[in-house]
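Participant: Sequence:
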Amino acid sequence: RQAISFARGASYGSGGVHPRQFALLSDKLLWDIAGIFSAMFRMGFCSAAVVFILIRLIPKPLGGVRPIGLFTGLLRIFMRALRLTIGEQWVSKHVPPAWYGVKGKSSEQAVWSRLAAVRYAKETRNVALGELYDITKAFDHLQLAVVKKWAAHFDFPLILLRFLFSVYQAPR
Numbered sequence: 001r002q003a004i005s006f007a008r009g010a011s012y013g014s015g016g017v018h019p020r021q022f023a024l025l026s027d028k029l030l031w032d033i034a035g036i037f038s039a040m041f042r043m044g045f046c047s048a049a050v051v052f053i054l055i056r057l058i059p060k061p062l063g064g065v066r067p068i069g070l071f072t073g074l075l076r077i078f079m080r081a082l083r084l085t086i087g088e089q090w091v092s093k094h095v096p097p098a099w100y101g102v103k104g105k106s107s108e109q110a111v112w113s114r115l116a117a118v119r120y121a122k123e124t125r126n127v128a129l130g131e132l133y134d135i136t137k138a139f140d141h142l143q144l145a146v147v148k149k150w151a152a153h154f155d156f157p158l159i160l161l162r163f164l165f166s167v168y169q170a171p172r
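By my numbering, the letter at position 102 of the sequence shown is numbered 102, and the numbering carries on one by one without gaps.
Simulated from the structure, these hints should not be mistaken for lab results. Fair warning: this is a prediction, and the values are worked out from it, not measured in the lab. All residues carry an ideal CB built from backbone N, CA and C; glycine is no exception. One or more of the hints may lead you astray.
Straight-line alpha carbon distances no greater than 27 angstroms define the calculated DSSO-like cross-link-like pairs of lysine-lysine that follow [what the hints assert, rightly or not]:
1) 60 x 93
2) 28 x 60
3) 93 x 122
Okay, the calculated beta carbon distance ranges per label pair [to be verified]:
4) 145 x 68: 25 to 35 angstroms
5) 167 x 23: 16 to 26 angstroms
6) 10 x 33: 11 to 21 angstroms
7) 124 x 35: 47 to 57 angstroms
8) 54 x 84: 36 to 46 angstroms
9) 148 x 33: 37 to 47 angstroms
10) 145 x 47: 20 to 30 angstroms
11) 34 x 158: 37 to 47 angstroms
12) 152 x 9: 33 to 43 angstroms
13) 43 x 80: 15 to 25 angstroms
14) 119 x 9: 38 to 48 angstroms
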């Protein structure tokens with residue numbers, strides 16, 4: 001079901017396979033693949049063959065390029081399934097509604113509203129996080145120990161965090 005949910009025009013994964021192509025596999029093979037991913041998830045480990053990330057430079061409308069990280073088609077399917085299950089359950093309990101990343105909404109407005117939230121939190125002695133990096137700088141500045149500390153504080157599923165750390169630390 002997750003494989004078919006990818007748009008036909010979505011990018012092929014770093015392995016050269018479009019996520020929709022996995023829907024052509026037999027049910028038995030899909031169950032076997034799901035079992036492998038389930039084991040990797042529980043161990044907090046993702047095989048280098050599955051997590052291979054290809055960085056592509058996409059042209060910006062006003063000139064220049066921006067980097068996009070492409071995972072393998074198989075990992076993209078699994079990550080979408082995680083987001084739509086565990087991720088959305090956590091978000092529904094812990095994150096106020098927002099429209100960041102929604103088609104038709106301005107990313108500039110998202111940045112300014114986040115800045116306002118951070119400044120308000122500072123003035124009222126509350127907590128709000130706000131950071132903006134492009135992909136090349138974000139990977140260089142992420143401190144996993146700090147992420148783990150705050151994830152635990154906000155009841156983020158640590159089994160998911162351990163798996164995401166494995167994906168994050170993959171070669172690029």
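Participant: Now, for every hint given, state plainly whether the structure supports it.
Facilitator: These are the hints, each one checked on the structure:
1. 60 x 93: Violated, at roughly 36 angstroms.
2. 28 x 60: violated (42 angstroms)
3. 93 x 122: Distance ~23 angstroms between residue 93 and residue 122 Cα, so the pair holds.
4. 145 x 68: 25 to 35 angstroms: holds (28 angstroms)
5. 167 x 23: 16 to 26 angstroms: The hint (16 to 26 angstroms, Cβ to Cβ) holds, given that residue 167 and residue 23 are roughly 23 angstroms apart.
6. 10 x 33: 11 to 21 angstroms: Since the Cβ atoms of residue 10 and residue 33 sit about 19 angstroms apart, the hinted range of 11 to 21 angstroms holds.
7. 124 x 35: 47 to 57 angstroms: holds (48 angstroms)
8. 54 x 84: 36 to 46 angstroms: With Cβ atoms ~24 angstroms apart, the hint is violated.
9. 148 x 33: 37 to 47 angstroms: Since the Cβ atoms of residue 148 and residue 33 sit about 29 angstroms apart, the hinted range of 37 to 47 angstroms is violated.
10. 145 x 47: 20 to 30 angstroms: holds (25 angstroms)
11. 34 x 158: 37 to 47 angstroms: violated (22 angstroms)
12. 152 x 9: 33 to 43 angstroms: Roughly 39 angstroms apart at Cβ, these two residues keep to the hinted range, so it holds.
13. 43 x 80: 15 to 25 angstroms: Check passed, 20 angstroms falls within 15 to 25 angstroms.
14. 119 x 9: 38 to 48 angstroms: holds (39 angstroms)
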